[in-house]
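Chains as they are written, first to last, in this note's numbering: chain A, 202 to 474; chain B, 202 to 474; chain C, 202 to 474.
Think of the hints as simulated: they come from the structure by calculation, not from any bench.
Take the hints with a grain of salt, since some may be wrong.
Claimed, not checked - Derived lysine-lysine pairs resembling DSSO-like cross-links, with alpha carbons at most 30 angstroms apart: (1) A:K307 <-> B:K362; (2) C:K279 <-> A:K299; (3) A:K268 <-> A:K205; (4) A:K299 <-> B:K362; (5) B:K268 <-> C:K212; (6) A:K268 <-> C:K307; (7) B:K362 <-> B:K299; (8) A:K268 <-> B:K362; (9) C:K268 <-> A:K268; (10) B:K268 <-> C:K205.
Said to hold, decoys possible - Residues on chain B that point at chain A, a partial pick, calculated with CB under 7 angstroms: (11) V224; (12) S298; (13) L300; (14) S349; (15) K362; (16) N388; (17) T464.
Virtual Cβ for every residue (Gly too), placed ideally from N, Cα, C.
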Amino acid sequence: MLGKCIENVRKTTPLVHNITNYVTVNDVANVLLACGGSPIMSDEPDDVVDITSICGGLNINIGTLNKSSIEAMFLAGKRANELDHKVLLDPVGAGASKLRTDTAVKLMDEVHFTVIRGNISEIKTLAQGSGTTKGVDADVADAVTEESLDSAVKFAKDFAKKSGSIVAITGAIDLVADADRCFVIRNGRPEMGRITGTGCQLSGMMTAFLVANPDNLLEGAAAAVCTMGLAGEIGWENMQDGDGNSTYRNRIIDAIYNMDGETLDKGAKYEVR
Amino acid sequence: MLGKCIENVRKTTPLVHNITNYVTVNDVANVLLACGGSPIMSDEPDDVVDITSICGGLNINIGTLNKSSIEAMFLAGKRANELDHKVLLDPVGAGASKLRTDTAVKLMDEVHFTVIRGNISEIKTLAQGSGTTKGVDADVADAVTEESLDSAVKFAKDFAKKSGSIVAITGAIDLVADADRCFVIRNGRPEMGRITGTGCQLSGMMTAFLVANPDNLLEGAAAAVCTMGLAGEIGWENMQDGDGNSTYRNRIIDAIYNMDGETLDKGAKYEVR
Amino acid sequence: MLGKCIENVRKTTPLVHNITNYVTVNDVANVLLACGGSPIMSDEPDDVVDITSICGGLNINIGTLNKSSIEAMFLAGKRANELDHKVLLDPVGAGASKLRTDTAVKLMDEVHFTVIRGNISEIKTLAQGSGTTKGVDADVADAVTEESLDSAVKFAKDFAKKSGSIVAITGAIDLVADADRCFVIRNGRPEMGRITGTGCQLSGMMTAFLVANPDNLLEGAAAAVCTMGLAGEIGWENMQDGDGNSTYRNRIIDAIYNMDGETLDKGAKYEVR
Chain A
202 MLGKCIENVR KTTPLVHNIT NYVTVNDVAN VLLACGGSPI MSDEPDDVVD
252 ITSICGGLNI NIGTLNKSSI EAMFLAGKRA NELDHKVLLD PVGAGASKLR
302 TDTAVKLMDE VHFTVIRGNI SEIKTLAQGS GTTKGVDADV ADAVTEESLD
352 SAVKFAKDFA KKSGSIVAIT GAIDLVADAD RCFVIRNGRP EMGRITGTGC
402 QLSGMMTAFL VANPDNLLEG AAAAVCTMGL AGEIGWENMQ DGDGNSTYRN
452 RIIDAIYNMD GETLDKGAKY EVR
Chain B
202 MLGKCIENVR KTTPLVHNIT NYVTVNDVAN VLLACGGSPI MSDEPDDVVD
252 ITSICGGLNI NIGTLNKSSI EAMFLAGKRA NELDHKVLLD PVGAGASKLR
302 TDTAVKLMDE VHFTVIRGNI SEIKTLAQGS GTTKGVDADV ADAVTEESLD
352 SAVKFAKDFA KKSGSIVAIT GAIDLVADAD RCFVIRNGRP EMGRITGTGC
402 QLSGMMTAFL VANPDNLLEG AAAAVCTMGL AGEIGWENMQ DGDGNSTYRN
452 RIIDAIYNMD GETLDKGAKY EVR
Chain C
202 MLGKCIENVR KTTPLVHNIT NYVTVNDVAN VLLACGGSPI MSDEPDDVVD
252 ITSICGGLNI NIGTLNKSSI EAMFLAGKRA NELDHKVLLD PVGAGASKLR
302 TDTAVKLMDE VHFTVIRGNI SEIKTLAQGS GTTKGVDADV ADAVTEESLD
352 SAVKFAKDFA KKSGSIVAIT GAIDLVADAD RCFVIRNGRP EMGRITGTGC
402 QLSGMMTAFL VANPDNLLEG AAAAVCTMGL AGEIGWENMQ DGDGNSTYRN
452 RIIDAIYNMD GETLDKGAKY EVR
């Protein structure tokens with residue numbers, strides 16, 4: 202079933218507008234091309250409304266936010282909402298600075314996000330900080346493990362219900378939840394954390410999956426997570442003596458480039474709770 | 202003959218100032234180093250006049266333009282013109298937003314470009330939009346194919362004549378034209394479109410070729426196009442099972458690094474019309 | 202002894218705040234991860250004070266400075282000084298433009314740097330330009346060679362004494378000096394100059410080495426230089442037919458990823474003068 206989701210991306214070549222950080226932007230673009238999407242980047246307030254209008258999805262990542270790009274995020278997000286585009290928020294570093302936390306919370310207040318994707322720490326920050334989501338119990342462990350899984354799943358569903366967004370929490374175990382269902386995903390490898398930007402790459406790719414699977418958004422988001430994790434597994438199998446994180450980065454993107462629906466269906470490791 | 206052009210780059214190590222987008226800037230720098238040039242990047246208005254003054258060429262790419270970098274483009278472009286440097290315009294996304302179209306058109310009005318390089322859609326936008334070039338018949342097909350080739354060649358020459366710039370239109374078939382002659386180039390592979398920034402890379406590299414071949418600008422521009430396309434062919438031959446667009450990106454830059462004049466002369470596929 | 206320095210990085214995972222150029226930022230992040238550190242990037246004035254506060258070190262690189270990031274450099278640098286964090290300056294292009302020279306000199310006046318790292322031309326510019334360091338004899342050759350070594354070592358020590366910073370001058374022969382001692386390092390390969398950003402990568406990595414080796418800062422800085430150079434040697438040994446600068450970039454980062462203390466101790470080529 203998830204395999205169908207990546208096939209839909211390849212069939213429809215969704216154009217995704219990215220307002221993303223300059224650290225990992227090249228990888229985000231190449232991952233979008235690898236999965237069958239098409240990337241465009243623009244973060245100038247006078248440019249983003251036009252650009253997002255010709256796209257199907259918008260990926261907002263606050264990793265290297267600045268005053269100008271923050272303004273662009275609000276303008277693009279509101280326009281994307283008007284056009285009923287899919288919109289994703291990647292709140293990089295929420296909790297690490299006041300500006301990042303405030304920006305992410307305010308974005309949640311003024312823009313409707315199809316998906317919010319981050320690590321557990323970022324997502325907890327948003328759950329506690331947002332007016333919209335006041336009342337969500339974020340007293341969950343700082344890592345999603347088998348031991349903390351039940352409470353983490355409940356937290357993800359609760360936050361999804363309050364925010365009206367699909368919530369994707371990525372880590373050793375990944376969760377992708379709406380109010381009712383939560384995909385618990387066990388793909389991926391710990392070495393992926395030694396590459397910069399695998400999270401950013403996932404956010405870009407997930408936006409393409411949302412655009413290509415409008416009638417199955419939860420499955421689409423989960424399929425993107427499985428694709429990334431499975432590519433991490435396949436890429437690792439292809440590592441040679443002397444290879445390290447730079448080659449691993451290339452091999453993961455390569456594995457996404459070569460991923461078809463059948464491979465994804467066979468390799469995806471998930472349960473739905 | 203084109204082989205001589207890349208040898209001239211390697212002999213003279215032209216220093217190229219790039220005001221380019223942050224998506225593909227690292228690849229632009231590495232491609233410039235691969236072909237024998239030397240890159241420097243600066244997009245701060247208070248910095249660009251000094252920086253462009255010590256270079257031989259200027260590459261302006263509007264891919265992630267912002268208010269500050271736009272100001273820098275005009276300042277650097279005018280200074281480069283005063284110094285008789287080679288200047289290239291890559292109008293990324295012209296036609297996709299008003300800001301991009303307006304910026305590219307205004308740049309053409311106020312800066313003389315040695316070369317304008319883009320895809321057919323971007324170049325048509327400029328041909329229609331620019332006061333300088335009013336009257337060019339841009340009623341040409343949206344892709345340069347064998348069927349549309351005659352009209353595309355005529356369009357490229359007409360636009361070159363009106364604008365006073367060499368016009369490079371890249372796609373499945375590449376055209377590099379001045380008012381009188383048009384190189385029709387058939388190097389390259391369709392998979393290059395699955396890598397972000399091969400066009401941006403070409404623009405950076407082409408600027409180095411212009412600086413190194415001041416008496417044969419048209420040949421220099423065509424040689425850069427052939428080098429990129431041929432590197433795409435050589436890089437593809439070296440692909441292994443499991444490789445994808447990320448590895449392909451590396452192999453193309455590697456192929457440029459290893460390209461000599463003889464290889465280019467043997468592999469370049471072009472006719473002059 | 203230097204091997205211990207990289208082991209200390211791997212043991213303590215120092216978090217390094219980078220205000221660095223957008224050309225090589227992705228490689229800087231991956232090199233920091235490769236050596237065992239952890240990168241975070243932020244250059245927005247309203248964000249950097251919070252971000253640098255949670256880090257152990259700050260890497261300031263002026264490669265693509267702009268008005269906003271310059272303001273951020275001063276804010277972050279002063280805050281890092283207050284917190285007694287390790288702070289490194291990479292004065293990319295000092296001497297090439299007035300803005301770059303002035304910014305680097307003013308940074309030296311207002312921020313205390315643990316290390317200043319650049320090429321001989323940049324460091325000479327700072328030695329001549331800074332009020333703090335007035336009187337340093339910068340009448341040294343433009344490249345550190347066996348012939349100019351004695352005067353270059355003296356220059357490095359003098360500048361270190363006047364500035365109160367460790368001075369790292371990288372080139373064919375690398376020098377890492379405080380007022381009393383100078384590591385003369387002969388690792389590395391000339392082909393590293395054909396990759397963009399090996400200097401920027403070194404600056405990021407060196408900041409992590411400083412944080413992890415607070416009681417042996419000079420050794421820590423020298424160990425980072427040896428690690429980079431030795432990785433360049435190991436990476437080159439692994440090159441295959443057809444490989445070029447793009448693959449070489451990956452292999453160098455991979456070699457850092459796989460570097461352990463024993464390998465570094467065996468491969469480091471240095472003398473102390």
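For each hint, the structure was consulted:
A threshold of 30 angstroms between alpha carbons decides the hint, and for K307 of chain A with K362 of chain B the separation of about 52 angstroms lies outside it, so the pair is violated. Our distance criterion of 30 angstroms between C-alpha atoms is met by K279 of chain C and K299 of chain A, whose separation comes to about 19 angstroms. Among the hinted pairs, K268 of chain A with K205 of chain A is inconsistent with the structure: their alpha-carbon atoms are about 40 angstroms apart, more than 30 angstroms. Note on K299 of chain A and K362 of chain B: the hinted pairing is violated, with a Cα-Cα distance of about 55 angstroms set against a maximum of 30 angstroms.
With a CA separation close to 44 angstroms, the supplied pair K268 of chain B and K212 of chain C exceeds the 30 angstroms bound. As the CA atoms of K268 of chain A and K307 of chain C are separated by approximately 24 angstroms, the hinted pair is consistent with the 30 angstroms bound. At most 30 angstroms may separate the alpha-carbon atoms for a hinted pair to count; K362 of chain B and K299 of chain B meet this at roughly 25 angstroms. Between K268 of chain A and K362 of chain B, the direct Cα distance comes to roughly 43 angstroms. Violation of the 30 angstroms bound is thereby established for this hinted pair.
In summary, the hint linking K268 of chain C to K268 of chain A is supported, as the alpha carbons are separated by about 13 angstroms, within the 30 angstroms threshold. This hinted pair does not check out: K268 of chain B and K205 of chain C have alpha carbons roughly 48 angstroms apart, beyond 30 angstroms. Interface hint status for V224 of chain B: upheld, as the beta-carbon distance to the closest one in chain A is roughly 5 angstroms, under 7 angstroms. Given the 7 angstroms rule on beta carbons, the hint for S298 of chain B holds: about 3 angstroms separates it from the nearest Cβ of chain A.
A cut of 7 angstroms between beta carbons decides the hint on L300 of chain B: the least distance to chain A is about 4 angstroms, and the hint holds. The criterion of a C-beta within 7 angstroms of any C-beta in chain A is not met by S349 of chain B, whose closest approach is roughly 22 angstroms, and the hint is violated. Evaluation of the K362 of chain B hint against chain A yields a violated restraint, the C-beta minimum of about 31 angstroms exceeding 7 angstroms. Checking N388 of chain B against chain A: minimum C-beta separation of about 21 angstroms lies over 7 angstroms; hint violated.
Because the closest C-beta pair between T464 of chain B and chain A is about 25 angstroms apart, greater than 7 angstroms, the hint is violated.
When each numbered hint is compared with the structure, violations occur for hints 1, 3, 4, 5, 8, 10, 14, 15, 16, 17.
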